[in-house]
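Could you build all of it, start to finish, from the sequences and the hints given here?
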Amino acid sequence: MSASAQSIKNLANQEYKYGFVSEIESDAAPRGLNEDTIRLISAKKSEPSFMTEWRLKAYRHWLTMKEPTWQNVKYPPINYQDIVYYSAPKQRKDSPKSLNDIDPEIKRTFDKLGISLLEQERLSGIAVDAVLDSVSVATTFKGKLAKLGIIFCSFSDAVQNHPDLIKEYLGSVVPYNDNFFAALNSAVFSDGSFCYIPRDVRCPMELSTYFRINAASTGQFERTLIIAEEGSSVSYLEGCTAPMRDENQLHAAVVELIALNNAQIKYSTVQNWYPGDKDGKGGIYNFVTKRGKCKGVNSKISWTQVETGSAITWKYPSCILQGDNSVGEFYSVALANNYQQADTGTKMIHIGKNTKSTVISKGISAGHGQNTYRGLVKIMKNSTGSRNYSQCDSLLLGDKCGAHTFPCLEVNNTSSQVEHEASTSKISDDQLFYCKQRGISAEDAVSMIVNGFCKQVFKELPMEFAVEAQKLLSVSLEGCVG
Amino acid sequence: MLEVKNLYAKAGDKGILKGINLNVKAGEVHAIMGPNGSGKSTLAHVLAGREGFTAISGEVLYDGRDLLKMSAEERAREGVFLAFQYPVEIPGVTNSYFLRSALNAIRKHRSMEELDAMDFLTLIKEKAKIVDMSSDLLNRSVNEGFSGGEKKRNEILQMAVLEPRLAILDETDSGLDIDALQIVAKGINTLRIGCRAIIVVTHYQRLLNYIVPDYVHVLSDGRIVKSGGKGLALELEEKGYSWIENGIEHLPQTVS
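Those sequence lines, one after another, are chains A and B. First residue of the first sequence? That's 1 in the working numbering, and the numbers climb one at a time after it. First residue of the second sequence? That's 1 in the working numbering, and the numbers climb one at a time after it.
Everything labelled a hint here was simulated from the structure, so no lab data went into it. These numbers were taken from a predicted model, which means no experiment stands behind them. All residues carry an ideal CB built from backbone N, CA and C; glycine is no exception. Do not take every clue at face value.
[What the hints assert, rightly or not] If you anchor each label on the Cβ, the simulated ranges turn out as follows:
id, chain 1, residue 1, chain 2, residue 2, range
1, A, Thr414, B, Asn36, 54 to 64 Å
2, A, Met463, B, Glu74, 48 to 58 Å
3, A, Asp429, B, Glu74, 30 to 40 Å
4, A, Glu443, B, Glu163, 18 to 28 Å
5, B, Glu113, A, Pro76, 48 to 58 Å
6, A, Ser46, B, Asp119, 39 to 49 Å
7, A, Pro76, B, Asp63, 31 to 41 Å
8, B, Lys108, A, Pro163, 38 to 48 Å
9, B, Gly240, A, Ala422, 45 to 55 Å
Structure, rendered in structure tokens:
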């Protein structure tokens, strides 16, 4: 085997570093799904009746739907009756008042992940709403944010304390009947994050939630809702690592973003869930619906994602560009190695006039990984003067992996412009030898080249996340960004 | 420093080098000349350890150690440097980051402390003067969109930063106009010091007007068919390679 193939193999064979299970007592619902399960979840969370009704409506609709099969991924059928739909960590007292009240075991889990809340709070100025097994266990910086009128809390708290906002916006971007997994989520979602930025407020810090799947066989159904009022702006970070598991775990989250006039939302994700072992056993199924609505004029929504984990990733963070002059962006790095499958991309729906969208997608395939870009750019008849630029690049490491691109462009007027560029490349022997001749090991060289390939996307990430992305691709970013 | 003894080597499946003998000492500059296909670049690549260029028999000693047993990166870390005829582009990786990674890999190998970004910046700005390189090129992706002259200057900049003991310059003059050639040659001359040996591989005598070699070897069909002083290059330029090739039978195998 050539040295380059060997180093690629080494890189692709790296063991998952975050595989551990923390021992926290769980308060879980019995396996399976019926109306009683949903009522139980709703009751456990002391939800108002409009929420219970909404969940049941979603559930009833879900029963009429079929699991989609059009995506370019393969997995054995999921038994939805074999999933535990609710699991909350048991608290020794009531909910924690401060970081000191958190279960030490949970704290250790975060420490292992390198996201000690104490450090986060003290050093990096990030407010962390930590979600561990479906229930928020800690929310920091609440006080500081509250002074500005910013609401950043768990979804459950928002349902209790801000029911009007929930009533107005829940399901307004991703309706409960949007798709099979969104309907399932709407019925059973356990918790998530809620964020409201009032008029003309620029959120002074990056808001961050670390998701972490924990108890065995617990499907995670997170729900995130972010509302940016007129003239406000916010940057939101979502990051995840999961402990090692043998059985597959389903994760079907929904994220809804709403940007009103002149508002901006930047949503960044680093996803590093357990991808399964080298033979493709285990791993997370990540079936997510993420969508943002640029409801107001001159609003902007920007998605940046680095997807390195999960056995199957299936998600299309999208933008509905409803307001005139609104802007949608999608920057993505998706890595599929071993037997991972990624089918990801975006939808840019241009409705308002003079709307603009940019799509930069970088797919990396290694081992037996299969990477698919699937995108839709749709410019409606009245969306005159609109523009889209899409760029889809694929990098292949080795000869057993695959890259697929399914772009779909639909332009319904004559004054709009759409551009699409695509490329597929491999790491060349010339590049590897050049690096080695300068003293750089083959492994470092591969990392460096892959990293260079992703640069356009990484530079969109907030600094804190760029570091995480760098770790995940075992690539050093210094000097390449900024 | 470098002893090549009766080296036979192939590029892919094709036997190219057919018994090379070469002895290079610290402080010397050797020019290796020869027509296209004579094996010049193969020799450079075998010495640098490129995959696909393999020794069949013979020996290469570098400071008395078996060079052929070392991996390409080990050779680089031990001070063997190859300036590429066609420098490679690495999109998205900045020139200065690439070079710092290389320098730190080498320093680590030598148990020296790695340079941080600030110290490196000071160093590279100093070294960039040697080849008149603007700082703009340091922040661009490695060789991407560089002109031919910029690429070659970049190679010499890398040499200046990595401070090799044995530098092999593979057709460094190819594709250069006269101004660029002079800048590159001036840079190389600055780096010509007592503890360093330089092997200049070139098709044309032109470069040797600026980098005056101590020895000139003429390669033909995988063998060194003639060796001499700097005068040999001029003679070759005048008479052409056919002069040597026609008279191979009469020439003894020479070792400098």
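- Against the structure, test the hints numbered earlier, and report the numbers of the ones violated in rising order. When the structure is compared with the hints, numbers 2, 3, 6, 7 and 8 turn out to be violated.
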